[in-house]
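Using the sequences and the hints, build the whole thing.
Spelled out from the first residue to the last, the chains are:
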Amino acid sequence: MKRAAEISRLQLSVEEFKQFEEEFAQLFGYFIEVQSVKNSLKQDEKIRTNELREDIPVQKNYADKLVEKFTKKDGRYLVAPKSLD
Amino acid sequence: MATGFTKNRLEKILSGSLSASENVEQHLSAIDKNEKNIRAFIDIFADDARKKAKEIDAKIKGRTKVGKLAGLTIAVKSNICISGKRATCASKVLENYVAPYNATVIERILAEDAIIIGAANMDEFAAGSDCTNSAFYPTHNPLDHERVPGGSSGGSAAAVSAGFADLALGSDTGGSIRCPASFCGIVGMKSTYGTVSRYGLIDMGMSLDQIGPFACDSSGANLLLSAISGKDKFDQSTYASAEAGSGAHADISKFTIGIPKEFFAGADPEVAKAVKDSIKKLEAKGAKVKEISLPAVKYAVPIYYLTMCAEFSSAMQKYDGLRYGFPANVNQNLVLAVSEAREKSFGKEVKRRVLLGTYITMKEQVDAWYTKAIDARKALSHEFDSAFKQCDVLIGPTMPTLPWKIGEKSNDPLQMYLSDILTVSANLAQIPAASIPCGMSGKLSIGLQIHANKLQEAKIFAIMKALEE
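From first to last, the protein sequence lines stand for chains E and U. Numbering-wise, the first sequence is residues 236 to 320 according to this note's numbering. Numbering-wise, the second sequence is residues -4 to 464 according to this note's numbering.
Bear in mind the hints are in silico, worked out from the structure with no lab data behind them. We put the beta carbon where it would ideally sit given N, CA and C, even for glycine. Take the hints with a grain of salt, since some may be wrong.
As the list claims (entries may be wrong) - Chain U is nowhere near these chain E residues, computed Cβ spacing over 10 Å in every case:
#1 V249
#2 K253
#3 S271
#4 R311
Claimed, not checked - Calculated lysine to aspartate or glutamate pairs in the DMTMM-like style (CA-CA distance at most 20 Å, straight line):
#5 U:K438 <-> U:D272
#6 E:K273 <-> U:D370
#7 U:K54 <-> U:E20
#8 E:K300 <-> U:E102
#9 U:K228 <-> E:E256
#10 U:K346 <-> U:D198
Dropping the structure here:
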């Protein structure tokens, strides 16, 4: 759970950890049923997948609107915290 | 709701006996009167709606050709981008996010002269089944204000049911159109995956999501679906040349209706009876009825939640407090800043699903859970494929229970997830399914769900039309 929270980038409180641990025990106790589903399908089953289009550029003029959304910016640059010490 | 309701309204607008402006004012007046009790909307676009109505009235008066939705008001779920309007997903993360472009479905309904009346409330990032997970406020069922409208497209359904809009758009990942349609006593449809573009839909589970219509009757749902569906170069999963929603002319006396016994296991007796009584009506019209079995439906909820949470946790990664959303504290290091911003801005259900999805896709866990879920999904789809070799449609209840009281299931996630047992299969198998009212329990509505094979929406509309007659 702690590792999953780190990867998810969620800084959970102690109470939240405890609550989610209890809930997950219950949920996974039910989800484990999925492991008993037998699949005798051949490989040509029909789940829809992407059909790639031709790579034709399309002019869209909303870069300025996206830049406006940055929570902290310096001109047209997004300001992010340091990632290296 | 009377059959032909939407068609009658449209005819009145086109004939001039009801102007688009009058139609808008009627709906805004209903909103003024009752929205405080329902809370269907996050934003109401009264001025824009009035302006657009005037334009449409001028077109009609000037005998200029108008679109097939001319003058009809539409509520749009708040996870569908409307240019210049907030797309909040009912979350603090996107509380101030203004969409920079129109979703394809929005472009299409505007091209057909529809009037968007507001952005509808929903469960935060579509994570919920009863519209109580909105970061702003819960929506109330118009039929009983103490009960949930269903979710996650609860605001859209409530808007149509309460008379705030003629039609509505929602999104359905595991039943989020059909559940609120059932609970609010209206028609809701999720069409075949790939028939409606997801460009401009803020995603929850990208192999499961579909945008779809709400209406008072099947002809309204058919009309709206035909306006929004079709190939889109911005969504590579859309079908070439398919236009879902055309035609309800199939002859149901030639149909075989499959009744999977698993659809009725665990259903409230009242719900089961109302659905079975409706099936008898279809039999009386000549349809053959056949009981079948779909054993994999028993596993549909775990398959769905494992698949969806994996995709959802990926979809939520972009909310880092840097590009948009709750601002990250740039004075800390990057990991802490992002973690803190996400912790403060996500609701509990969103966090739960993100954690779950991350956990099952960790290297040590992926084979035990996510890979198994993908395999199980294929087995479930195969069962539905086999069923449609012997049946034209499959019918059962939309929801196993009547709508519960607001807050009743908020602290019990497993009970909440189990309520999706009858709706998630359609998303997993990528087939169309719709809900239509089939009876009442006191003042609460009971929904009947119809599944068909891929791209066979016409059969669903034929069944709905027969039930409405």
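Going straight from one Cα to the other, do K300 of chain E and E102 of chain U come out at no more than 20 Å? The given pair, whose Cα atoms are some 19 Å apart, holds under the 20 Å limit.
Can you confirm whether the C-alpha distance between K346 of chain U and D198 of chain U stays at or below 20 Å? Distance ~16 Å between K346 of chain U and D198 of chain U Cα, so the pair holds.
Straight-line Cα separation of K273 of chain E and D370 of chain U no greater than 20 Å? OK: K273 of chain E and D370 of chain U at ~8 Å, within 20 Å.
No chain U beta carbon within 10 Å of K253 of chain E's: holds, 13 Å
Status of V249 of chain E, Cβ more than 10 Å from any chain U Cβ: Holds, since 13 Å exceeds 10 Å.
For K54 of chain U and E20 of chain U, compute the direct alpha-carbon distance and say whether it is at most 20 Å. Holds, because 18 Å separates the two Cα atoms, which is no more than 20 Å.
Could you grab the alpha-carbon distance between K438 of chain U and D272 of chain U and see if it respects the 20 Å cut-off? holds, 18 Å
Are the Cα atoms of K228 of chain U and E256 of chain E separated by 20 Å or less? The given pair, whose Cα atoms are some 43 Å apart, is violated under the 20 Å limit.
Please verify that the nearest CB of chain U lies beyond 10 Å from R311 of chain E's CB. holds, 13 Å
Non-interface claim for S271 of chain E: all C-beta distances to chain U beyond 10 Å? violated, 8 Å
Violation of the numbered hints given earlier is confined to hints 3 and 9; the remaining hints are satisfied by the structure.
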